[in-house]
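Please model the entire structure based on the sequences and the hints provided.
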Amino acid sequence: MKLLSCLVLMLVSVLPVCGQMRTFASVKGGEIRAEITGCTDTVAELRREDGKRFTVPLATLSEADRKWIAEWRKTHKPYRVQVVPSQKKGNTREVKEAITGTVKGNDCWYVLGVKNTGVQAVTGLRLEYIVYPPGNSGAMPVPGSVEVAEIAPGKTGQAATAKCFVPQAREVIRSGLTDAVRLTESGLAGLHLELWIDGKPAGVMKAGTVPEDAAAALAAWREKQTAPAALPEGKVPEKMIEKTR
Numbered sequence: 001m002k003l004l005s006c007l008v009l010m011l012v013s014v015l016p017v018c019g020q021m022r023t024f025a026s027v028k029g030g031e032i033r034a035e036i037t038g039c040t041d042t043v044a045e046l047r048r049e050d051g052k053r054f055t056v057p058l059a060t061l062s063e064a065d066r067k068w069i070a071e072w073r074k075t076h077k078p079y080r081v082q083v084v085p086s087q088k089k090g091n092t093r094e095v096k097e098a099i100t101g102t103v104k105g106n107d108c109w110y111v112l113g114v115k116n117t118g119v120q121a122v123t124g125l126r127l128e129y130i131v132y133p134p135g136n137s138g139a140m141p142v143p144g145s146v147e148v149a150e151i152a153p154g155k156t157g158q159a160a161t162a163k164c165f166v167p168q169a170r171e172v173i174r175s176g177l178t179d180a181v182r183l184t185e186s187g188l189a190g191l192h193l194e195l196w197i198d199g200k201p202a203g204v205m206k207a208g209t210v211p212e213d214a215a216a217a218l219a220a221w222r223e224k225q226t227a228p229a230a231l232p233e234g235k236v237p238e239k240m241i242e243k244t245r
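Under this note's numbering, the first residue of the sequence shown is numbered 1, with each subsequent residue one higher.
Think of the hints as simulated: they come from the structure by calculation, not from any bench.
All C-beta atoms, glycine included, are put in the ideal place defined by N, C-alpha and C.
Everything hinted at is true.
Simulated DEER-style distance windows between Cβ atoms:
#	residue 1	residue 2	range
1	V146	T209	21 to 27 Å
2	Q225	V43	39 to 45 Å
3	A121	A64	26 to 32 Å
4	D50	A219	32 to 38 Å
5	T123	N91	34 to 40 Å
In silico BS3-like pairs for lysine-lysine, Cα to Cα no more than 27 Å straight-line:
#	residue 1	residue 2
6	K115	K155
7	K52	K67
8	K104	K163
9	K115	K88
10	K200	K115
11	K155	K206
12	K206	K224
13	K67	K28
14	K89	K104
15	K28	K52
16	K163	K89
17	K200	K67
18	K163	K115
19	K74	K115
20	K88	K206
21	K163	K206
22	K163	K88
23	K163	K224
24	K52	K74
25	K96	K163
26	K200	K163
27	K200	K155
28	K115	K206
29	K155	K74
30	K89	K206
31	K155	K88
32	K74	K200
33	K115	K89
34	K89	K155
35	K224	K200
36	K104	K88
Structure, rendered in structure tokens:
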């Protein structure tokens, strides 16, 4: 399995989803067919069918178009967030395993600082992730998710991943006729993080070294979380029972 070493992506811009093509009319009676791609309090950004982008002052559009744009802005908000992961490590502890016996290691996790660098509050933010231990540690990657509380403009929210127990690295030191084992604390190898806002994908961030199939692995984990629970063999769903009565 190939590994991908990545720099931390600090800034994630979450832009509005474009609208469908529609006809906009001006107060002077002119018309143009375009889709809206962005908007401020005074200007709308449109894109014509030929792909050309241009801006139009809202005051020059018809009253009906201004009302439509006002409704569009309620569900198409631009966000800018800065995500800064910081790796944490707990005190050394021992874990009993059936095959290797007692293993010393450390709980490791990431604390995620999420700064809102935009001009409006960030709401409905969900972080989904996979935390990766070193490949030779014998530990398994830990997937998970966390909801982030509303973040006001200019403020920073904080979240944390689940903990991953990472065994300490063993090194055999030979000296004459005797061998000694030296244990060294290990940290996490990397983090694959995906941002979701109001249930829609909003950005991807990677830190450290992660496998190339990290996104696919997280998608598979997500599918398992949303899949309906399997019924025991021969069990009929209650809704089907109601319909047959």
